[in-house]
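Novice: So the protein sequences, as listed, match chains C, X and Z.
Residue 34 in the working numbering is what sits at position 34 of the first sequence, and the numbering runs on without skipping anything.
Residue 7 in the working numbering is what sits at position 7 of the second sequence, and the numbering runs on without skipping anything.
Residue 36 in the working numbering is what sits at position 36 of the third sequence, and the numbering runs on without skipping anything.
Rather than coming from a laboratory, the hints here were simulated on the basis of the structure.
Keep in mind that the hints are not guaranteed to be accurate.
Said to hold, decoys possible - Within a straight-line C-alpha distance of at most 27 Å, the following computed DSSO-like cross-link-like pairs (lysine-lysine) qualify:
id: 1; chain 1: C; residue 1: Lys117; chain 2: C; residue 2: Lys52
id: 2; chain 1: X; residue 1: Lys2; chain 2: C; residue 2: Lys117
id: 3; chain 1: Z; residue 1: Lys12; chain 2: Z; residue 2: Lys70
id: 4; chain 1: Z; residue 1: Lys40; chain 2: C; residue 2: Lys52
id: 5; chain 1: Z; residue 1: Lys12; chain 2: X; residue 2: Lys16
id: 6; chain 1: C; residue 1: Lys52; chain 2: Z; residue 2: Lys70
id: 7; chain 1: X; residue 1: Lys2; chain 2: Z; residue 2: Lys12
id: 8; chain 1: Z; residue 1: Lys70; chain 2: X; residue 2: Lys2
id: 9; chain 1: X; residue 1: Lys2; chain 2: C; residue 2: Lys52
Only a predicted model underlies this, so the values are computations on that prediction, with no experimental measurement involved.
The chain contents come next:
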Amino acid sequence: MLRVLAQNADLVIFLFLTGLGYTAGTIAERRHYSSISRREAELLRLPVVTFKNPYPVEALRGGVMVMGSVVISIDYFKRLLAILRNLFGGRVTSYETLVDRARREAILRMKDAARRKGCDIVVNLRLETSAIGQSANNRKSVGCVEVLAYGTAIALRRP
Amino acid sequence: MKFTPRPLSENVNVSKTHPLAELAWMLGGLALILMVFYLLVGQAVEVVAERLPADAERWLGRQALKNFTVVASPALDRRLQSLLATLPADSSLHRSDFQVWVADTDEINAVALPGECVVVFRGLLEAVASENELDMVLAHELGHFAHRDQLKGLGRGLVATFLTMALFGNDSSAASLVASFTLSFDARYSQRQEAAADAWGLDLLVARYGHAGGAVDFFERMSRREDAPRLAYLRASHPHPADRIRSLEKRIAARQYRLESVVPLDSTRLLAEPPRP
Amino acid sequence: MYITNIETIPGKTIVEHFGLVQGSTVRAKHIGRDLMAGLKNLVGGELKGYTELLSESRDEALQRMIREAKSMGANAVVNVRFATSSVAQGAAELFAYGTAVRVE
Chain C
1 MLRVLAQNAD LVIFLFLTGL GYTAGTIAER RHYSSISRRE AELLRLPVVT
51 FKNPYPVEAL RGGVMVMGSV VISIDYFKRL LAILRNLFGG RVTSYETLVD
101 RARREAILRM KDAARRKGCD IVVNLRLETS AIGQSANNRK SVGCVEVLAY
151 GTAIALRRP
Chain X
1 MKFTPRPLSE NVNVSKTHPL AELAWMLGGL ALILMVFYLL VGQAVEVVAE
51 RLPADAERWL GRQALKNFTV VASPALDRRL QSLLATLPAD SSLHRSDFQV
101 WVADTDEINA VALPGECVVV FRGLLEAVAS ENELDMVLAH ELGHFAHRDQ
151 LKGLGRGLVA TFLTMALFGN DSSAASLVAS FTLSFDARYS QRQEAAADAW
201 GLDLLVARYG HAGGAVDFFE RMSRREDAPR LAYLRASHPH PADRIRSLEK
251 RIAARQYRLE SVVPLDSTRL LAEPPRP
Chain Z
1 MYITNIETIP GKTIVEHFGL VQGSTVRAKH IGRDLMAGLK NLVGGELKGY
51 TELLSESRDE ALQRMIREAK SMGANAVVNV RFATSSVAQG AAELFAYGTA
101 VRVE
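Modelling step: build the complete structure from the supplied sequences, incorporating the hints.
Specialist: See the structure below:
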C-alpha cells in the first residue's frame with residue numbers, strides 16, 4: 001500500500017495540498033469576512049463616493065489623499081477550480097470571494113486612514129486590481145491578487 | 001449633500017454555489033469528456049497502428065531504443081530465428097527482420113519495441129535457469145509483435161497528451177494533468193495484451209519443443225521473489241505473476257499440452273559471446 | 001435606474017447619497033473560444049468571441065452593482081467606473097463601481 005502511495009507521490013501531494021487549501025482556506029475566509037463585516041459596521045458613517053468634491057469651498061477644512069491596499073493569496077483548491085473552469089468557461093466562483101474580500105479590505109483600510117486623519121468623507125475613489133507579477137499566470141506557483149483603493153479624504157468644517 | 005448610510009444585507013458579488021458541489025460537477029463533466037475522448041482515440045490508434053508505414057515504425061523503434069544501453073546478441077538472434085521457424089509459412093512475422101538486443105541493467109524484464117526490436121535485460125538473462133524459460137520469454141515478446149501491440153502500447157496516452165498540449169500550450173497545468181494521468185495509464189501494454197502474448201507465446205513454445213515444460217517456471221520464481229501486494233498490480237504493466245501462472249496452467253490443461261523436463265541453460269555462456277561487429 | 005459616469009444626472013438634482021456600490025464578476029473563457037482565438041491569431045483582427053464574452057461579463061458586473069444600489073433604496077448610480085484585470089490564467093475580473101444616490 002505504501003509503495004503505491006510512494007509511486008504516485010505527486011498525486012498524493014497534490015491531493016493533500018488541495019485538501020489543505022480547501023479546509024484552511026475556508027476557515028481563513030470565514031474569519032476574514034466576519035472581521036470585514038464588523039469593521040464595515042463601525043466605519044459605516046464614513047461615506048466613500050466616486051464623484052469629485054460635492055461641497056462648496058467654504059465648507060472644507062482640508063483634504064488629503066488616502067490609500068488602502070492589500071494582497072491576498074490564492075490557495076490550491078481555488079486554483080484547481082479555476083483550471084477546471086478554463087475548460088468549461090463561465091463564472092469562476094472560487095475567485096469571486098477572493099477579489100471581493102480584497103476589495104472590501106482595501107476600502108476599509110483606506111477608510112481607516114481617513115478616519116485617523118479626522119476626515120468626514122472620501123471622494124473620487126478609484127480602485128486598481130492586479131495579479132502580482134507573473135506568478136498568477138505561472139503554472140508552477142500559486143498567485144496573489146493585489147487591490148489598491150485610493151481617494152481624497154475631505155475634512156468638513158463643523159457647522 | 002445628505003448622506004444616509006445603508007448597511008448591505010446580501011453580497012451580490014459572490015455566487016451562492018458551494019465550491020465542493022461545483023468541483024463535483026466539473027470533475028464529473030471532465031470524466032465524461034475524457035471517457036468519450038479515450039474511446040474515440042482508442043479507435044483512432046487502432047486504425048493508425050494498422051496503417052503505419054514500416055520505416056516510420058522503425059524510426060520510432062530507434063528512438064525508443066535510445067533509452068537503453070544495448071549490445072547486439074547473435075546467440076539470442078539465433079534463438080529467435082529457431083522459434084520463428086516453427087511458425088506456419090503464412091505467418092506475417094516471417095516478413096519481419098527481428099533483432100534481439102541485450103540491455104545492460106539488473107532489471108528483470110524484456111520489451112518488444114516498434115521496428116522489430118526485442119530488448120532483453122541482462123537481469124532476466126541471469127535469472128533464467130532453462131532454455132525453455134528463455135524461449136518462453138522470447139516467444140512472449142513475439143506474441144506482442146504478432147498482435148501488433150508494440151505501437152498500440154504507445155498510442156492513446158501520446159495522442160491525448162499531444163492534443164492537450166495543442167489546446168492549452170505546453171506549459172499549462174491542464175496539459176500536465178492530462179499527461180501524468182494518461183501516459184502512466186496507457187504507456188505500457190495493457191494487462192490484457194500481456195495475457196494474450198502469454199497465451200500466444202505458450203503455443204509457440206509447445207510448437208518448438210513439443211511440450212509445455214518450463215512455461216511457468218519463470219513466473220513461479222518471480223512470484224516467490226515478488227512480495228508486492230495484489231493492489232500494486234491494479235495499474236502495473238504486467239499482471240500479477242500468480243495470475244499469469246494460473247492462466248497459463250489453464251491453457252495447458254485445456255489444450256492438453258504435455259509437461260516434460262527442461263534443458264538447463266548456462267546464461268554466462270550467452271552473455272560472454274562477443275557481439276557481431 | 002439611472003446610470004451615468006458624470007457627477008450628476010442631467011436635469012435632476014441629487015437629494016441624498018448612500019455611498020459606494022460595486023459589482024464584480026470573474027469569468028473564464030472555454031476551450032471553444034480559445035481555439036477560435038488561436039486560429040484568429042494567425043490572421044489578426046477582432047476576436048469576436050472574446051469581445052462577446054467580456055461585454056457579457058461587464059453587463060453582469062453592472063447588473064450586480066445596480067442590484068446593490070436598489071437594495072439601498074437608490075434610484076440612480078453616478079460616476080460609474082469600470083476596471084478589468086487578469087487574476088488568473090485565462091480568467092479576467094471585471095468590476096464596476098459608482099455612488100448610489102437618490103435623485104428627484
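Novice: Next, verify each hint and record whether it holds.
Specialist: Cross-check of the supplied hints:
1. C:Lys117 with C:Lys52: holds, 19 Å
2. X:Lys2 with C:Lys117: Satisfied, since the Cα-Cα distance of roughly 22 Å is no more than 27 Å.
3. Z:Lys12 with Z:Lys70: Holds. Lysine 12 of chain Z to lysine 70 of chain Z sits at ~18 Å (cutoff 27 Å).
4. Z:Lys40 with C:Lys52: violated, 42 Å
5. Z:Lys12 with X:Lys16: violated, 37 Å
6. C:Lys52 with Z:Lys70: holds, 22 Å
7. X:Lys2 with Z:Lys12: Given that 27 Å is the threshold and the Cα spacing comes to 16 Å, the pair holds.
8. Z:Lys70 with X:Lys2: Answer holds: lysine 70 of chain Z to lysine 2 of chain X is near 18 Å, not above 27 Å.
9. X:Lys2 with C:Lys52: holds, 15 Å
Hint violations for this structure: numbers 4, 5, all remaining hints satisfied.
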